[in-house]
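Once you've looked at the hints, dock chain B against the given chain A.
From first to last, the protein sequence lines are chains A and B.
Going by my numbering, the first residue of the first sequence is number 23, and it counts up by one from there.
Going by my numbering, the first residue of the second sequence is number 23, and it counts up by one from there.
Check the hints yourself; a few may be wrong.
One copy or two, either will do: identical chains are not told apart, so a pair holds if it fits within one copy or between any two.
As the list claims (entries may be wrong) - With a cut-off of at most 30 Å between alpha-carbon atoms, the simulated DSSO-like pairs for lysine-lysine come out as follows:
#: 1; residue 1: 305; residue 2: 186
#: 2; residue 1: 79; residue 2: 265
#: 3; residue 1: 265; residue 2: 198
#: 4; residue 1: 118; residue 2: 163
#: 5; residue 1: 213; residue 2: 305
#: 6; residue 1: 104; residue 2: 183
#: 7; residue 1: 257; residue 2: 69
#: 8; residue 1: 183; residue 2: 213
#: 9; residue 1: 242; residue 2: 199
#: 10; residue 1: 104; residue 2: 163
#: 11; residue 1: 236; residue 2: 183
#: 12; residue 1: 39; residue 2: 69
#: 13; residue 1: 40; residue 2: 104
#: 14; residue 1: 69; residue 2: 325
These are calculated hints, taken from the structure and not from any lab test.
Given the structure is predicted, the values throughout are model-derived calculations rather than measurements.
Protein chains: 2
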Amino acid sequence: MSMEILFLGTSAGIPTKKRNVSSIVIRRGGEYLFIDVGEGTQRQAVKAGIGIRRNMKIIISHLHGDHVLGLIPMLQTLCLFKRDIPLDIYGPRGIKQFLNINMSLLDIEPEFMINIHYLSDGSIYDMGEYTLHAIKNEHCKYSYSIAIVEKPRPGKFNPEKASKDRIPVEYWGRLKKGEDIEINGKIYYAKNYVSPPYRGRKIVISGDTRPFRKMIKFSKEADVLIHEATFANDKIDRSIETKHTTAIEAAKIAKAANVKVLILTHFSARYEDASILVEEARKIFPAVFAAEDFMRIEVPLPKKHLESSYPHGY
Amino acid sequence: MSMEILFLGTSAGIPTKKRNVSSIVIRRGGEYLFIDVGEGTQRQAVKAGIGIRRNMKIIISHLHGDHVLGLIPMLQTLCLFKRDIPLDIYGPRGIKQFLNINMSLLDIEPEFMINIHYLSDGSIYDMGEYTLHAIKNEHCKYSYSIAIVEKPRPGKFNPEKASKDRIPVEYWGRLKKGEDIEINGKIYYAKNYVSPPYRGRKIVISGDTRPFRKMIKFSKEADVLIHEATFANDKIDRSIETKHTTAIEAAKIAKAANVKVLILTHFSARYEDASILVEEARKIFPAVFAAEDFMRIEVPLPKKHLESSYPHGY
Numbered sequence: 023m024s025m026e027i028l029f030l031g032t033s034a035g036i037p038t039k040k041r042n043v044s045s046i047v048i049r050r051g052g053e054y055l056f057i058d059v060g061e062g063t064q065r066q067a068v069k070a071g072i073g074i075r076r077n078m079k080i081i082i083s084h085l086h087g088d089h090v091l092g093l094i095p096m097l098q099t100l101c102l103f104k105r106d107i108p109l110d111i112y113g114p115r116g117i118k119q120f121l122n123i124n125m126s127l128l129d130i131e132p133e134f135m136i137n138i139h140y141l142s143d144g145s146i147y148d149m150g151e152y153t154l155h156a157i158k159n160e161h162c163k164y165s166y167s168i169a170i171v172e173k174p175r176p177g178k179f180n181p182e183k184a185s186k187d188r189i190p191v192e193y194w195g196r197l198k199k200g201e202d203i204e205i206n207g208k209i210y211y212a213k214n215y216v217s218p219p220y221r222g223r224k225i226v227i228s229g230d231t232r233p234f235r236k237m238i239k240f241s242k243e244a245d246v247l248i249h250e251a252t253f254a255n256d257k258i259d260r261s262i263e264t265k266h267t268t269a270i271e272a273a274k275i276a277k278a279a280n281v282k283v284l285i286l287t288h289f290s291a292r293y294e295d296a297s298i299l300v301e302e303a304r305k306i307f308p309a310v311f312a313a314e315d316f317m318r319i320e321v322p323l324p325k326k327h328l329e330s331s332y333p334h335g336y
Numbered sequence: 023m024s025m026e027i028l029f030l031g032t033s034a035g036i037p038t039k040k041r042n043v044s045s046i047v048i049r050r051g052g053e054y055l056f057i058d059v060g061e062g063t064q065r066q067a068v069k070a071g072i073g074i075r076r077n078m079k080i081i082i083s084h085l086h087g088d089h090v091l092g093l094i095p096m097l098q099t100l101c102l103f104k105r106d107i108p109l110d111i112y113g114p115r116g117i118k119q120f121l122n123i124n125m126s127l128l129d130i131e132p133e134f135m136i137n138i139h140y141l142s143d144g145s146i147y148d149m150g151e152y153t154l155h156a157i158k159n160e161h162c163k164y165s166y167s168i169a170i171v172e173k174p175r176p177g178k179f180n181p182e183k184a185s186k187d188r189i190p191v192e193y194w195g196r197l198k199k200g201e202d203i204e205i206n207g208k209i210y211y212a213k214n215y216v217s218p219p220y221r222g223r224k225i226v227i228s229g230d231t232r233p234f235r236k237m238i239k240f241s242k243e244a245d246v247l248i249h250e251a252t253f254a255n256d257k258i259d260r261s262i263e264t265k266h267t268t269a270i271e272a273a274k275i276a277k278a279a280n281v282k283v284l285i286l287t288h289f290s291a292r293y294e295d296a297s298i299l300v301e302e303a304r305k306i307f308p309a310v311f312a313a314e315d316f317m318r319i320e321v322p323l324p325k326k327h328l329e330s331s332y333p334h335g336y
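One chain only, chain A, in its complex shape (with noise of 0.2 Å):
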């Protein structure tokens, strides 16, 4: 199945002419999911071909202006629509009346479901073929990192050995399944003829933070891993005082969780340009690039086995 990272809007706090600000879609398969949702999204999703999809999902890292504020008027053309279908909106504490009074004030009645899941500190969602998580980070009181991780795809089954043990094929099946089956007393166990379980895509997105220690296990190996770098080096001070992140230290969780692949993203709009940002990253970080609105990343499947430390669940 397909994945794709769609960034729709890459700017901290204030759109610029060539930046909106926050908004990620991670397209997996037919389904997009929303990560962030700041003023303008549905716009740069109608630019970006996508638009407002029927099948999506939304999730809101935490309450600020430029990462929610784009939801409403979602809502509103989700009405225009007539959409028919629930939405799932998964968000911190707050979010369910940020909305609830909003719609009243503003006539929007949707006559969809809203079902509104909140995140918490090592909430896990099972999503079916893929979990999403939350920890709580460090930039407000009700703000988290996001991951999205694929469940593990089985191993491949040998059906040659199978067939040289003897092993009828009507116990194949329990066999793909991991299951060791035993026939006129004989033991057959499933690893010998299943390589072990795939390991599925894992992406972690920071939010807005300050770089917390929790984060290197939390994007551990991570496929990609989409860090806020509002700042370059020289605007440490700034960082701090605001709870962001300058891109050095976002390079240094990148190398210290190993991950494939770091994207900055959420640039001051000081940044006309941020390979200013990407230079400070790349020294300690080579595999680092910068978000640009309507960039479109594929996400490979990995062909890697799954490893007992390969940390699923946080």
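Same frame as chain A, now just chain B:
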């Protein structure tokens, strides 16, 4: 003093690739009046090169999302910009609650005063050199049409005639102000030395509404009438149902009100190109065109003197 209309959003309800949702800026000298602030307005303002000015006022015609949802992010940006002078917002009932609740939920804490002024049917605000008028229209419970009417400029003083009649120069100032004067028992009437006042400019903005009779008087002789035209004539049923206006209905208002220019805006997203609406309207009122995002229109000072029939104040 120069005056310009700048369209920042011309789409109804839903943004499209080409059109953002409602916002119109009237620049008068160095002052910027934002009339409606739909989602994404601040970014449109950045793209238009005006940004968010210190010297601005905001007018909200009604509390529907596509007219007001850019307001909270704009306030957030003003906070980041460390605005320290008061901001005046004119809007319908409910706007204070909308602002206060959102600012509280989203941790937006302006260090500038926000002065809320309520619009009501027939309200007139004295803005110094012009007046701001509102009348209730026919869209939702608290929805208004807006007029910006410049106060008359003094007529032209005729110094040759005053000299010829031997009126001492020290009396000229009083004559210029329209005061009759008496010198040695003889009365000199100001009207003989000063032409009648010149009328100022008048710009009327319908807001969202069904066409309604009072609008004709309200927009009488306007230099520019900006009227919503959400639908073409074949969608008249939809127009009635959603309380909007067709292009033909807008043209009929413009004709009855004898305005100089009619600009159509607030087009349903189905009209990729608004020329069908202009064609329909032109059959009834020739001086019509369609607003486009980022379109600017200079409004020249009228040369006309004020007539007693000129509708100042409704």
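The hints, checked one at a time:
In this homomeric assembly, residue 305 and residue 186 never come within 30 Å of each other (Cα to Cα): the closest approach is 53 Å inside a single copy and 86 Å across copies. With identical chains, the CA atoms of residue 79 and residue 265 are at most 30 Å apart within one copy only, with a shortest distance of 27 Å there and 32 Å across copies. In this assembly of identical chains, residue 265 and residue 198 lie within 30 Å of each other by CA distance neither inside one copy nor across copies; the values are 49 Å within and 62 Å between. In the homo-oligomer, the alpha carbons of residue 118 and residue 163 lie at most 30 Å apart both inside one protomer (16 Å) and across protomers (26 Å), since each shortest distance falls under that limit.
With identical chains, the CA atoms of residue 213 and residue 305 are never at most 30 Å apart, being 43 Å at best within one copy and 81 Å at best between copies. Proximity of residue 104 to residue 183 under the C-alpha cut-off of 30 Å is found in neither arrangement, the shortest distances being 55 Å within a copy and 72 Å between copies. For a Cα distance limit of 30 Å, the shortest separation of residue 257 from residue 69 across copies, 27 Å, qualifies, whereas the shortest one inside one copy, 33 Å, does not. For a Cα distance limit of 30 Å, the shortest separation of residue 183 from residue 213 inside one copy, 12 Å, qualifies, whereas the shortest one across copies, 113 Å, does not.
Taking the closest pair of Cα atoms, residue 242 and residue 199 come within 30 Å of each other only inside a single copy of the chain (27 Å); across copies the shortest separation is 79 Å, beyond that limit. In this homomeric assembly, residue 104 and residue 163 come within 30 Å of each other (Cα to Cα) only across copies, at 23 Å, whereas the closest approach inside a single copy is 35 Å. Taking CA atoms no more than 30 Å apart as the test, residue 236 paired with residue 183 passes in neither setting, with 44 Å inside one copy and 88 Å between copies. Taking the closest pair of Cα atoms, residue 39 and residue 69 come within 30 Å of each other both inside a single copy (14 Å) and across two copies (6 Å).
Taking CA atoms no more than 30 Å apart as the test, residue 40 paired with residue 104 passes between copies only; the shortest distance there is 23 Å, against 32 Å inside one copy. Neither within a single protomer nor between protomers do residue 69 and residue 325 lie at most 30 Å apart by alpha-carbon distance, with minima of 34 Å and 45 Å respectively.
Checked against the numbered hints given earlier, the structure breaks hints 1, 3, 5, 6, 11 and 14 and satisfies all the rest.
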